[in-house]
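Visitor: Sequence:
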Amino acid sequence: MLENSRLRHSNALKYGVTLMWNRITDSAMNRVDTLRLSFHHMTTKAKPTPSPENSDRDEDSYSDEDGDDQEGAFPSVDTSIIDETFFYQLLGMDEDEKERECSSGIVLSFFEQARTKFAEMEQELWKADIEAIGKMGHFLKSSAAYVGLKTVRASCEELQHLGKLTNNDQPVTKEKALKIAKDIIERAKGELVEAQGELSRFYEFD
3 MLENSRLRHS
13 NALKYGVTLM
23 WNRITDSAMN
33 RVDTLRLSFH
43 HMTTKAKPTP
53 SPENSDRDED
63 SYSDEDGDDQ
73 EGAFPSVDTS
83 IIDETFFYQL
93 LGMDEDEKER
103 ECSSGIVLSF
113 FEQARTKFAE
123 MEQELWKADI
133 EAIGKMGHFL
143 KSSAAYVGLK
153 TVRASCEELQ
163 HLGKLTNNDQ
173 PVTKEKALKI
183 AKDIIERAKG
193 ELVEAQGELS
203 RFYEFD
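Numbered per the working numbering, the sequence shown spans residues 3 to 208.
Everything labelled a hint here was simulated from the structure, so no lab data went into it.
Careful, some of the hints might be misleading.
[What the hints assert, rightly or not] Per label pair, the in silico range of CB-to-CB distance: (1) Glu206 x Asp185: 26 to 34 Å; (2) Glu103 x Ser78: 21 to 29 Å; (3) Asp96 x Ala121: 36 to 44 Å; (4) Ala156 x Leu127: 15 to 23 Å; (5) Glu196 x Glu122: 28 to 36 Å; (6) Glu97 x Thr175: 50 to 58 Å; (7) Lys100 x Lys166: 19 to 27 Å; (8) Thr87 x Thr118: 21 to 29 Å; (9) Gln172 x Glu103: 29 to 37 Å; (10) Glu196 x Thr168: 25 to 33 Å; (11) Lys181 x Pro77: 34 to 42 Å; (12) Asp98 x Thr175: 47 to 55 Å.
[To be verified] Straight-line C-alpha distance at most 30 Å; calculated DSS-like pairs for lysine-lysine: (13) Lys143 x Lys178; (14) Lys176 x Lys137; (15) Lys176 x Lys191; (16) Lys181 x Lys129.
Glycine included, every Cβ here is placed at the ideal spot set by N, Cα and C.
Work out the full structure, taking the sequences as your base and the hints as a guide.
Guide: What follows is the structure, given as structure tokens:
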């Protein structure tokens, strides 16, 4: 039963990654800029001055109207953690912006998968199999990029290079690569938690 659940999650992630990649075009940045301007306009819109005799009514009326206007807008994200171009494309796949059924399936599956892979990497450290760690880093790097997790993607790319015994474009010994990989895996796990906190406004994590 658990295996079937993992298979469904994996298939959902693969499907979502493929679908989202096909939808990312040269207009992606224009779309993000439009969303930024729209959200900025909604959050900085001048509040009307209520008339003295109808101040309470005007305040309530404005609040309701403002809430309706902002419904469906994409809140800003911490761009040091999240790649907004990819993440906003992912949100754009949702037909229901409250349920976010499509993107949540992809994002939650990725987080589950990433936690599993990092645990497997730690096991490979004990086996001193830096090549296996590099391959898993390469796998997670691509998935993290599609979901928009900037810091996690960068760490996974470092692990990928370490699997080929290179670090910052310089050759390293296997022993040195394993030592560096241990630190990066620990860092990446923290970055995953940090990204989860940033995305908790969009999704409910277990």
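Visitor: State for each hint whether it applies.
Guide: Structure-based check of all given hints:
{"no.": "1", "hint": "Glu206 x Asp185: 26 to 34 Å", "result": "31 Å, holds"}
{"no.": "2", "hint": "Glu103 x Ser78: 21 to 29 Å", "result": "23 Å, holds"}
{"no.": "3", "hint": "Asp96 x Ala121: 36 to 44 Å", "result": "30 Å, violated"}
{"no.": "4", "hint": "Ala156 x Leu127: 15 to 23 Å", "result": "20 Å, holds"}
{"no.": "5", "hint": "Glu196 x Glu122: 28 to 36 Å", "result": "21 Å, violated"}
{"no.": "6", "hint": "Glu97 x Thr175: 50 to 58 Å", "result": "52 Å, holds"}
{"no.": "7", "hint": "Lys100 x Lys166: 19 to 27 Å", "result": "44 Å, violated"}
{"no.": "8", "hint": "Thr87 x Thr118: 21 to 29 Å", "result": "27 Å, holds"}
{"no.": "9", "hint": "Gln172 x Glu103: 29 to 37 Å", "result": "45 Å, violated"}
{"no.": "10", "hint": "Glu196 x Thr168: 25 to 33 Å", "result": "26 Å, holds"}
{"no.": "11", "hint": "Lys181 x Pro77: 34 to 42 Å", "result": "40 Å, holds"}
{"no.": "12", "hint": "Asp98 x Thr175: 47 to 55 Å", "result": "52 Å, holds"}
{"no.": "13", "hint": "Lys143 x Lys178", "result": "22 Å, holds"}
{"no.": "14", "hint": "Lys176 x Lys137", "result": "15 Å, holds"}
{"no.": "15", "hint": "Lys176 x Lys191", "result": "22 Å, holds"}
{"no.": "16", "hint": "Lys181 x Lys129", "result": "13 Å, holds"}
Figure legend: structure checked against the earlier numbered hints; hints not met, in rising order: 3, 5, 7, 9.
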